[in-house]
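Once you have looked at the hints, place chain Z on chain Y.
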Amino acid sequence: MHTFYSPSFRAGAREGFRTFLPLSVGLIPWALVTGMSMVGTGFTPLQAMGMNVIVFAGTAQLGTLPLIAAGAPVWLIVATALALNLRFVIFSAAIAQGFRGLGAAPRWLCGHLLTDGVFATCMTRMLETEDRDWRLGYYLAPSLWSWLLWQGFALVGVLAAGSIPKTWSLEFMATIALMILLLPMAKMRPMLVAAAAGGGTAVLLHALPLKLGLFAGIFVGIAAGFAADHWPKKPEAA
Amino acid sequence: MNAHAFDDATLWLVFILIGLATTLPRASFIVLGSRVALPSVLQRALRYAPAAALAAIVVPDVLLVAGELAPLNPKLAAAGAAVAAASLWRNPWLPFVAGMGVLLGLRWGLGV
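Residue numbers (this note's numbering), protein chains in the order written: chain Y, 1 to 238; chain Z, 239 to 350.
Keep in mind that a hint or two might mislead.
As the list claims (entries may be wrong) - In silico contact screen, one side only, chain Y against chain Z (beta carbon under 10 Å); selected entries:
hint	residue
1	W147
2	L148
3	G152
4	F153
5	V156
6	I180
7	A195
8	A223
What the hints assert, rightly or not - Which bits of chain Z does chain Y cover? Going by a derived footprint, with three or more residues having C-beta under 8 Å, they are:
hint	region
9	309-318
10	334-342
Derived from the structure by calculation, the hints contain no laboratory data. Even for Gly, the Cβ is constructed at its ideal location relative to N, Cα and C.
Isolated chain Y, as found in the complex (with noise of 0.2 Å):
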């Protein structure tokens, strides 16, 4: 394929990278938090990188961790990661016109390289510019850069937790890891009533066999944001 020699791919990836690189340091100490967790939660180096390179989602490699630590059913770790996940369909959407000219292989690359930093940084010019090859060198420069410091520094972590000790509950990072991704969610009023009302649930129904109360949480959650967000526009009964 010519277009990644095209010289616009080489100036929209230049273009990219530049603008992409100042934020990309964030991803740093989740890479090493979630490969020290890995280790925590008892895979081997081999397992944790295979983890990394397959999966390539912080929340949601984050967020199934407890769940395989604790041996769960394997379609609700499946389902956890999904719900984790569902965030990524809106953004899809948003930015599937950017991708317009191009083959089905490029944009499952796309597709699958597709991150928060980076679809909140390129979208709006990957809309807006006419050059398909400048939007692709644009997209996946950043995207390649952030995998290749992903894997890179999850791959650190996983090496450096070997040496620590079974004793200091390395696997704890992962819940702290998760903690903070919610918390800027929590100040909006229907994200909090969705986090309470599904962490809730999971308590109260942690007896439950299958961990159902966990799938439990997630529903009564999703339920009870999407109807706090639609409660003020309600007239009370006139």
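Structure of chain Z alone, referenced to chain Y:
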């Protein structure tokens, strides 16, 4: 060291399934193109899935010890320290230092 409950083959299968649960939502509309539109009701509902799922994972983890409600346990104190550090300062490392510090301090220092 094998803290989790899966054998090697099952674990790799789980990785592949989680990988699919990650790549398919991401690639969905990028691959389909923008011909298909997402109903706005569904878009709004999807926004709450991550918050609900994160809370459903985290809250039982810090509130329960061996399946019982235990409001005064080291993990909850550590969670409090991590959240406080994250809300007070911008430094991305501090919540981890504070949380792990409190957890290990309580476990080792006080033997809780």
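**Message:** If you count the residues of the region 334-342 of chain Z with a beta-carbon closer than 8 Å to a beta-carbon of chain Y, do you get 3 or more?
**Reply:** With 5 residues closer than 8 Å to chain Y, the region 334-342 of chain Z meets the three-residue bar; holds.
**Prompt:** Any CB of chain Z closer than 10 Å to the CB of L148 of chain Y?
**Reply:** With a closest approach of 18 Å, the L148 of chain Y hint is violated.
**Message:** The hint names W147 of chain Y as touching chain Z; please verify it with the least Cβ-Cβ distance against 10 Å.
**Reply:** This interface hint is violated because 13 Å lies over the 10 Å limit.
**Message:** Min Cβ distance, A223 of chain Y to chain Z: is it shorter than 10 Å?
**Reply:** Status holds, d = 8 Å.
**Asked** Can the hint on F153 of chain Y be confirmed by a CB-to-CB distance to chain Z that is less than 10 Å?
**Response** 13 Å, violated
**Prompt:** Should the interface hint for G152 of chain Y be scored as holding, given a Cβ-Cβ cut-off of 10 Å against chain Z?
**Reply:** With a closest approach of 17 Å, the G152 of chain Y hint is violated.
**Prompt:** Under the criterion of a CB-CB separation shorter than 10 Å, is A195 of chain Y in contact with chain Z as hinted?
**Reply:** Holds: closest Cβ of chain Z sits about 4 Å from A195 of chain Y, inside 10 Å.
**Item:** Hint status (Cβ of I180 of chain Y to nearest Cβ of chain Z, threshold 10 Å)
**Value:** Result: holds, 5 Å to nearest chain Z Cβ.
**Asked** How about the region 309-318 of chain Z: do at least three of its residues have a C-beta closer than 8 Å to a C-beta of chain Y?
**Response** holds (count 3)
**Asked** Hey, does the V156 of chain Y contact hint survive, CB to chain Z under 10 Å?
**Response** Violated - the Cβ of V156 of chain Y stays beyond 10 Å from chain Z, reaching only about 14 Å at its closest.
When each numbered hint is compared with the structure, violations occur for hints 1, 2, 3, 4 and 5.
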